[in-house]
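> For reference, the chains in residue letters:
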Amino acid sequence: MLELRDIVVRYGPVVAVDRVSIRVEEQQVVALLGANGAGKTTVLKAISGLLPCASGDIAWGGGVISKLPPHRIVRAGICQVPEGREVFAGLSVYDNLRLGAYLRRNRHAVRSDIDRMYEYFPVLAERRDQAAGTLSGGEQQMLVIARALMSSPAMLLLDEPSLGLAPLVVQQVFSILRRICDDMRLSVLLVEQDAETALSIASYAYVLEAGRVVVEGSSVAMQGDESLRRSYLGY
Amino acid sequence: MPRKQALICLVAVTAVALAGCSSKKAGSSSEDGVTSTTIHLGAVSPQSGASASFGDVTTGIKAYFDYTNAAGGINGRKIDFTVLDDAYDPSKTVPQTEKLVTQDKVFAITGNVGTKTSQAVYQRLNTEKVPSIMASGDPTMVSPILPYIFEGLAPLDADINEQIAYVKATYPGKKVGFLAENNDSATNELSLLTPAFGSLLVKQSTFLLTDPDLSSQIVALKNAGAQVIIFNGVPKYLALAVSEARGQNWQVPFISNNASVDSSFLSTAGAQADGVVTVTGFKTDPADPEVVKANDILKQYAPSITPGPLSQEGLAVGQIVVAALKAAGKDLTRSSFLSALNATNISSGVFIGQATMSPTKHNPYGCEQALQVKSGVLAPIGDVTCGS
Amino acid sequence: MRSVLHGHPRLVGLVISALVTWLLNEVLFPTPLNGYLVVLFAYVGGVVVARLSRGDHRYAALGPLVPLVFLAQNSIGVTELTQILILAIAALGLDLITGWTGQLNLAQGIFIGLGAYVTAILASKHGWPILLTLPLAGLVAAAAGLLLGVLALRFDGVYLAVLTSAVALAGPVLLLHYKSITNGVNGIIVNQPQPPGAFADWLDTDQWGYYVTVVMAIIAVCISWNLLSGRIGRALRALRDSPIAAKGIGVDLTRYKVLAFAVGSFWAGLAGGLYAMTIGFVSADSFGLFYSIQFLTIIVVGGLSTISGAFVGAVVIYELSTNVQTIGFATTVNGVALSIPQAAVYAILLILVVIFAPKGIIGIFSDKSDWSRLTQRLRGGHNRSTDVVQAQADRPPIVRLDAPEDPHPAITSY
Amino acid sequence: MHLDLQLITSGLAIGSVYGSIALGLVLIYRSTGILNFAQGEMATFSTYIGWSFVVSVGMPYWVGFLLAVLAAFLLGAVVERVAIRPVQNQPHLTVVIVTLGLFLLFNALSLKFWHSDVRPFRSPFPSGSVHVLGTYISWVSIGIFGVSLISMAFVGIVFRFTKVGLAMRAVTSNPMASALMGISNGRILSLGWGLSAAVGAIAGMLAANRLLLDPNMMQGVLLYAFAAAVIGGMTSPVGAVIGGLVMGVTNALVSSVSWIGSDLSLAATFIVLVLILLVRPQGLFGRQIEVRV
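Chains as they are written, first to last, in the numbering used here: chain A, 425 to 659; chain W, -4 to 383; chain L, 827 to 1240; chain G, 5 to 297.
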């Protein structure tokens, strides 16, 4: 279980995330919604250790991880799929996947996991020797998800997987994602602007505005509250 | 906006113009640098950068001054010697020398090292009436004679004439190749070699201190049919040249300039050094009492360096300065120091023969001797030649 | 008081920094103080005053220039300050190329050499008055810079660094080779000009050279300032901050890159002319790669893309490279005293400055720094960042859509 | 004719020295994205450490050699940690200035500890030369050439086939993403600097016999090594070595042209370099990857 307790994150003097508390249970999909600049990505970066928490702490699996460097957090089983399709552009698709499994020692298992990713995302198998920078936007998004899964995480942090993708591709990515979550028994914290899609896959959701949690509740309740949808979720 | 800027420019320029109405700066005076207990001397030399090894000259000078101080000083005064760094860059030599003259108020400049750096300051030092001993060997600074400028290293042309005389006597009619660092002393040497050898000078090949090796230069000399190589440069490049030639199985004789056959050359070139000829105005026999004394002084007062030609020549500069300071007497002034320098006549030191200066001769040396490396040791060949 | 001075904060800054300098030089330190220290004090004074009077700190760039004129009277370090100003003029040019248009140029030194040779040849061999040769020195260097700028368009990053270092290496070699023009390795001795007519009674040669350099520096600053605060400056800033966006709004990248090379080299050439005039001796091997690299360290240490950075950097680098002393220790090993050699002290200080002031020394005074917040508070001005923090104090309650007892129903369990 | 062949073999001999220093440059550039101006001076410093072990302490040659390589590795890692990491996220030019500072620092330290005299440092290879096709090639040169090939293969294998090499490429390509893969970026960068310094130390110690050991031993070499790395495309170990050979041979050949001669050969060599880059701006072995955004 991941639990954020009153975390505060600053960019210099500017407070980007203000006393945010979030819980993600085992094998639960939780969505973090909100407009552009609400602080969603900052929350994920704080969990991954890319940004320090000014106060508050982050608990995971019985320990506090908020002071650990990013690579120790990956080792603890939390892997982030960063926003903006951050592939290793000059490296091949295969090398990108291998890097996902950087911390794993069992080569045999890694090889079979790569094959599994090729099954989930057949297009990656076709392009396995191509430089990742030459893939299309949707393909790159699939690659970063597959790459994150290669670390066999217990918890996946997904940052705007739908950003900049055509609606059809978004549907494709999310359907694969749901399949994987079920298969791999993952916990997921999903950051999205596209609230409708996110709520369709999440069971619980938080809405962030100007760095603060303003609303939280189950997806069903959120989908049912029309005034909330109008004012915060924009659909 | 533009008006405001124009206004500022105007103010600034006016301020400059107004400040122009200030008094002329003080300059140096004849009493600078001497107190009842000290004599303040200074020099600028490269202490950093690619030419830092030239700084050994001032290290040698300082060693002799420290030795003199330890022996009781000069007429009750101790020498206070300031050495500033110019990294062998003339644009730093000028301010650093000026700093010695106007700020530190040194009595004299004793041993500014280097040719291009000394070229940049010697005329202004003469104008400022500061007695100055340059350590460059460049003959142009002391001919024509300027009253305040002296030279402390052996004159390059004496070295060159000795090289020419040796080659003419030992290898008559042989084709000569000239290998040299691309600097002013090589140009100077070439201007003497060309009339001396005429068409026998078949090839001149130059290198830069950034060249990592000399293979193409050696091939070019070999191609041109050179039978003797006259070399002008630093020890490292002589060692590179000799090992490259021997590596190509070319047993050509090398006649090198002063100072390039030193202990570092002998140790790096090893057995290949045998047969290399050099000329020098300085004593090299390690058993010679003057050399023993010089090396003892250097070992005691400059333990950070290995005694070599540069530090020994520096020591000799120190010796001449100290002798002149002593001769100038208790009532030391710049004019008494100048008179003493002009009357320099020292009969023994690390130099060969005598060190003499006069109002018409501002370089103390002139005697030369050819030497050859035999079994890793330098041995004199032929007689000492003095004067031109 | 403020209302009277309003609109002229720069003038106030200049006047006060001039006064500060005069005080430091004449009253507080009757014994000669190193010129550069005075300039540093004066600069800081100028910045503080400019800031307190709501001016932009960049305008205090002129701060050190005006007080400089007073320093000559004290006869301390005139030649040193002259050389520092010459470095600064050339650094100003390099900043245009490297700081403003982002082209890594390791060949600035050779353009100084070019300018120095133009002045030396015209003055020594053809008897031109030196002042007349200065603009020509700049123009010849600018023409060469134009050529290099066109060539540089093909290269980027590391490749441009190697191209320009190739020019820096090959330049002196070529100058040495054409002996008939440049006098080869023997160099050219330039007779330093005597101050003309009326000045001769008050000034000696060094002081005259110094004032000429000060005037040239002021001209260089004024022109650069005009250039950079206008349309071209905006274009260059856009180009530097976001090249793709700048291209999108129609900034002609190519033109400005080449222009920067030409103008930047002009300042280098002018600096070279002044070098020949004040040093009195020009020889090509003085203008090698390491000489060029010096200017890169000047603009980075001073602060990229700031006019004052070139001057502050020139002072700091010059003083670090010449006046830093060996640090000695009392401990001895085998009779040799332990010490850190001068060049190592310089290197360590250089690294420390870059690490602790990555935006350069001017960056310490820039808008986002602690310093600026301090001065803002001194002025009693608003500080937006504290507003943000204070606004966070009260927060609305979180709306919970579910019963708090069981907010996280797990999908499955294992 | 045989003398021209001599020029080519001499050029290849010195070119392999350029190549071996260029390898270290490529290693750092590829694993940290930095152009390291201090590469040559760090190699000289490490060579002096080896010299002290072998000559002053009197260790057997290969023991001193290995210890010096190890010391160089540590030196590189420490330098990265102390001087480079604090400016890692600063603009490229800032990092360049730090490496220039390191250049000055190591030069000053070599000068301080070992002074400016040239020191003999024996080569592990036999003295003398082989006489082939009318040209003389010294065993030392053959040895340097051989070892530079081995270093090249080592660097190539590290990059292509090892996990560490993969991580190095990842860190340069995208530091944020590599941290999210569980890679400790700091450790990889230190490792890159350490390896590069070790490769430099090997090159320095083997070349010291030929270049002659003094504090400025690598200054001339560094400039050619930069050119070599650039011709090779900055990221290719094979390219670096071939680039070095190209620079060595070009320099030897242009100096034999009578109207260029040895005094203009430096200028001419770099003009050739610029011409090569004008035709192939990405170098002979560099790949240009078109990145879709």
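Derived by calculation from the structure, the hints in this document are not laboratory data.
Be aware that a few hints might be false.
Claimed, not checked - If you want a taste of the chain L side facing chain W, the calculated C-beta under 10 Å gives, among others: (1) Thr908; (2) Ile910; (3) Asp1067; (4) Ser1068; (5) Asp1078; (6) Leu1079; (7) Tyr1101; (8) Ser1112; (9) Ile1166; (10) Ala1169.
Claimed, not checked - Heads up, simulated SDA-like pairs for lysine to any residue below, C-alpha to C-alpha not over 20 Å straight-line: (11) Lys1005(L) with Thr77(W); (12) Lys198(W) with Lys1185(L); (13) Lys167(G) with Asn530(A); (14) Lys167(G) with Pro437(A); (15) Lys1185(L) with Pro437(A); (16) Lys217(W) with Gly138(G); (17) Lys167(G) with Arg535(A); (18) Lys116(G) with Lys1005(L); (19) Lys124(W) with Thr77(W); (20) Lys1185(L) with Leu9(G); (21) Lys217(W) with Arg89(G); (22) Lys217(W) with Leu9(G); (23) Lys167(G) with Tyr435(A); (24) Lys1185(L) with Arg552(A).
Fair warning: this is a prediction, and the values are worked out from it, not measured in the lab.
Beta carbons are placed, not taken as given, at the ideal position from N, Cα and C, and that holds for glycine.
> Hint by hint, say whether it matches the structure.
Each hint, compared with the structure:
1. Thr908: Hint holds; Thr908(L) Cβ to chain W Cβ min 8 Å, cut 10 Å.
2. Ile910: holds, 9 Å
3. Asp1067: Cβ of Asp1067(L) sits 22 Å from chain W, so the hint is violated.
4. Ser1068: Violated - the Cβ of Ser1068(L) stays beyond 10 Å from chain W, reaching only about 25 Å at its closest.
5. Asp1078: Not OK, violated: Asp1078(L) not within 10 Å of chain W, min 24 Å.
6. Leu1079: violated, 26 Å
7. Tyr1101: holds, 6 Å
8. Ser1112: Hint on Ser1112(L): holds, closest Cβ of chain W at ~6 Å, below 10 Å.
9. Ile1166: Check failed: Cβ of Ile1166(L) comes no nearer than 12 Å to chain W, outside 10 Å.
10. Ala1169: holds, 4 Å
11. Lys1005(L) with Thr77(W): Violated, at about 37 Å.
12. Lys198(W) with Lys1185(L): violated, 53 Å
13. Lys167(G) with Asn530(A): holds, 13 Å
14. Lys167(G) with Pro437(A): violated, 40 Å
15. Lys1185(L) with Pro437(A): holds, 19 Å
16. Lys217(W) with Gly138(G): holds, 14 Å
17. Lys167(G) with Arg535(A): holds, 14 Å
18. Lys116(G) with Lys1005(L): Outside the cut-off at roughly 37 Å; violated.
19. Lys124(W) with Thr77(W): Holds, because 19 Å separates the two Cα atoms, which is no more than 20 Å.
20. Lys1185(L) with Leu9(G): Answer violated: Lys1185(L) to Leu9(G) is near 53 Å, above 20 Å.
21. Lys217(W) with Arg89(G): Roughly 51 Å between the alpha carbons, so the hint for Lys217(W) and Arg89(G) is violated.
22. Lys217(W) with Leu9(G): holds, 13 Å
23. Lys167(G) with Tyr435(A): This hinted pair is violated, its Cα atoms lying about 34 Å apart.
24. Lys1185(L) with Arg552(A): violated, 42 Å
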